[in-house]
Amino acid sequence: MATATGIHHRSYRAELRLRHTRAEYLRLALMAALLLSLPYNLGVYWLGIANSILIAVIGAVGLNILVGYTGQISLGQGGFLAVGAYTSANLSERGGLPVPLSIAIAVLVTALIGALFGLPALRLKGLYLAIATLASQEIILFVVRRWSWLTEGKGFVEVSRLEVFGWQVSREMFEVQWYWVLLAITTLVVLAARNLMRTALGRAFMAVRDQDIAAAAIGVNLTRSKVTAFAVSSGFVGLAGALTAHYTETVTWERFTLDVSVLYLAMIIVGGIGSIAGSVYGAVFIMLIPTLLTEIAERLTAVAPVLTEQLPAIKNAVFGLAIIVFLLVEPRGLDRIWTRVKDYVRYWPFRY
Amino acid sequence: MSNFISLVVYGLADGAILALSALGFVLIYKSTRVINFAQGEFLLVGAYMFYTSFVLLRLPLILATVFGVLVATALGLVVERFVLRPLIGESALSVIMVTIGLSSVLKAVIQLFFGTSVREQPPILPTSRVSVLGATVPLNRLLVIVIAAGVLAAFTRFFTRSRHGVAMRAVADDQQAALTMGISVPRVFAMAWALAAVSALIAGVLLADLSAVEQNIANFGLIVFPVVILGGLDSVPGTIVGGLTIGLLKQFVSGYADPGLAEVVPYLVLVAILLVRPYGVFGETRIERV
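Those protein sequence lines, which keep their order, are chains Z and S.
Residue numbering for the first sequence follows my numbering, starting at 1 and increasing by one per position.
Residue numbering for the second sequence follows my numbering, starting at 1001 and increasing by one per position.
For the record, the hints were derived by calculation from the structure and aren't laboratory data.
Virtual Cβ for every residue (Gly too), placed ideally from N, Cα, C.
Hints are not guaranteed to be accurate.
Stated by the list, open to error - Label pairs and their computed distance ranges (CB to CB): (1) W348/Z - E1214/S: 22 to 32 Å; (2) M1181/S - A217/Z: 54 to 64 Å; (3) S1091/S - N195/Z: 43 to 53 Å; (4) R340/Z - S1091/S: 16 to 26 Å.
What the hints assert, rightly or not - Some chain S residues well away from chain Z (every beta-carbon gap over 10 Å; in silico): (5) G1101; (6) V1109; (7) P1138; (8) S1162; (9) L1248; (10) G1255; (11) L1274.
As the list claims (entries may be wrong) - Among the chain S residues that face chain Z by a calculated CB cut under 7 Å, a handful are: (12) I1035; (13) A1092; (14) I1096; (15) V1105; (16) L1143; (17) P1278.
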C-alpha cells in the first residue's frame, strides 16, 4: 500500500505481488499503450531499430540472470548467441524443421552448451571465471569460424524469410510484422524472467550471488544452482541468437565476437545489475547510443564535418565513457536512478 | 632442423613480448587485485606515443624513449587515480567492466588522433639476418629476446632489492599489515599502474618494431590471459615461464599444424590449466572464508 511515508505491506501475500501500487498499474498501461502504438508512429528505419532492441532485451535479460542474479561473470555471451543462431538456422534451412521447433531446439542446445561451459564455475569464481568464459567465447567462435560443415563452406548461412505454419512475413510489412512477433516473445521472456526470480530457484541464485559458502551452509545445492543458472541464462541468450538469425536472414561469425559479449555486459551495467527492468532500460540505452550519435552527426554535418568522419571512433569513446561513468557515479544503473526519481516524487515535499 | 630453430627463435621473441605485457598485468593484479582488460590498449598507446615522438616529432631515440616513458607513467597514474581508485572494494564485475570501458576509450582516442591506417615507422632494431645453428633468423627477433630479458631482470631486481619494490610486495602480501608498517598503500597502487604502463610501453614499441604501428597491437592484450593463468596471476617469474611457453606453443602449432589453430590453442591451454590447477603453476593458493 502506498502512503506518503512509503510503500508498506500488510501481509506476505501483498509483498510477493509483482506490482504494489496503483501508480505502477498506470505506468504499465502507459507503457503498453506506447509499445502497441509504435508501429503506427514509427517509420521503417526506426522500427528496425526497435526490433533489434527487442532482441537485445532478450539477450540482456538472459545475461542478467547469470551475472546480476547469480553473480557468475560471463564474457561468453557472443559465443552462446552464435550457438543459438547457427543451430536454428541450420535446423530450419537444411533440416527442414518448422521455425518454432528449430528455435525451441536451438534454445535447448544453447542451454546445454551453456551448462557445459558453466562447469568451470563450480571451481572458479570472480576474476578466474571471467577469464574462463573469455576462453569459452574464443573457443566457440573458433569452432564456428572453422567448421565449414556449419555454413556448407560458404562462411555464412542464409536464412529464408520467416514462415510459421503457412503464414509468411511479407516484404512490404517486414519490420511491422516482425515487431509484433518480437514484442510478443520479448514480453513473455521478461515476464518469465521476472517470475523466475520469485521461485525457490531464483532465490537460490541470489543466495549464491550474495555469499556462496553461506548459501551452501543453509542447504542451497551450489553445483545445481550454478549449472542451472548457466543453462537458463544461455537458453534465453540462445533464443536471442536464433531470433537474430531469422530476423537478419544471414548468420555470420562477425556478429558474435567478444565485442558483442562486452556490449551485452555494458547493457546490464548501465541498466542495473540484478534487475530485470534494468536489463530492458540498459538494452534500450546501449542500442540507441550509436543511432542517436549518427543522427546528431548528420544534423551537424554542415557545421562540423569532422563528426561524420570520426563517427566510429566517437561511438567507441561514448560507449566506453558510458560504462565508466555509470560504474563510478551510479553502479546500480538506470534502474536505481528511476527508483530514486519515483521516491523523490512520492515523498515530496519531504526529502525522505 | 633449421625450421625448428627458427620457430624457436620466433616463439621466444613472441614469448618475450608476451611476458613483458603480462608483467604489467601481474603487477597490477598483485598489488591492487584488479584484472586489467585494457592491457592491450596500454601497449597500443605506448607504441603510438613512441611513434609520435620518434617519427612525428623527430626526437632522437633516447629522448623519444624518455617521452614515451613519461606519457606512459602519466597515463598509468591518471587511470589509477580517477578510474580505479573510486572502485576500491567494489565487485569483481565492476572492476572488470571499468577496465573494459577504459580499453574502449583508449582505443577510440588513438583512432581519433591517428586514424585506422598502418603507420610507417623506420625499424629501430637491425633487420639483417644472422645464422644460428644452421638456421637464418632475423637479428631483431634475437635482440627483442635480449631486451625483454634485460627489462624482466631489472624488474625482478627492483622487487627484491629496492625499497619501493619490497613495499609493493608487502602490499601484495597483506594490505593491512603493510599499512601498519607505514607503507602508503595508495602510493603503491599508483606505482603499480605506472610501472605496468611503462612495461606495456616497452612491449608495445618492440611489437610495433617487429610488425607495424597499427590498431591490431591491442589484440595482443587478450593473449595475456592464457599467459598469466598459466604462470599464476600473482607471480612475476610465472609471467616469464608462461609467456615463453605460450609464445613457443603458438609458433609450433602454426609452423607444424595450422596457423588458424594457433589462435585458439592458448585458450585451450587456459581452460585445461583452470580445470587442473586454477592458481597457475607459480600462483599462490588462497583459502576463502565466509
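Hint-by-hint comparison with the structure:
| no. | hint | result |
| --- | --- | --- |
| 1 | W348/Z - E1214/S: 22 to 32 Å | 56 Å, violated |
| 2 | M1181/S - A217/Z: 54 to 64 Å | 36 Å, violated |
| 3 | S1091/S - N195/Z: 43 to 53 Å | 26 Å, violated |
| 4 | R340/Z - S1091/S: 16 to 26 Å | 21 Å, holds |
| 5 | G1101 | 3 Å, violated |
| 6 | V1109 | 7 Å, violated |
| 7 | P1138 | 29 Å, holds |
| 8 | S1162 | 28 Å, holds |
| 9 | L1248 | 19 Å, holds |
| 10 | G1255 | 18 Å, holds |
| 11 | L1274 | 5 Å, violated |
| 12 | I1035 | 5 Å, holds |
| 13 | A1092 | 4 Å, holds |
| 14 | I1096 | 6 Å, holds |
| 15 | V1105 | 4 Å, holds |
| 16 | L1143 | 31 Å, violated |
| 17 | P1278 | 6 Å, holds |
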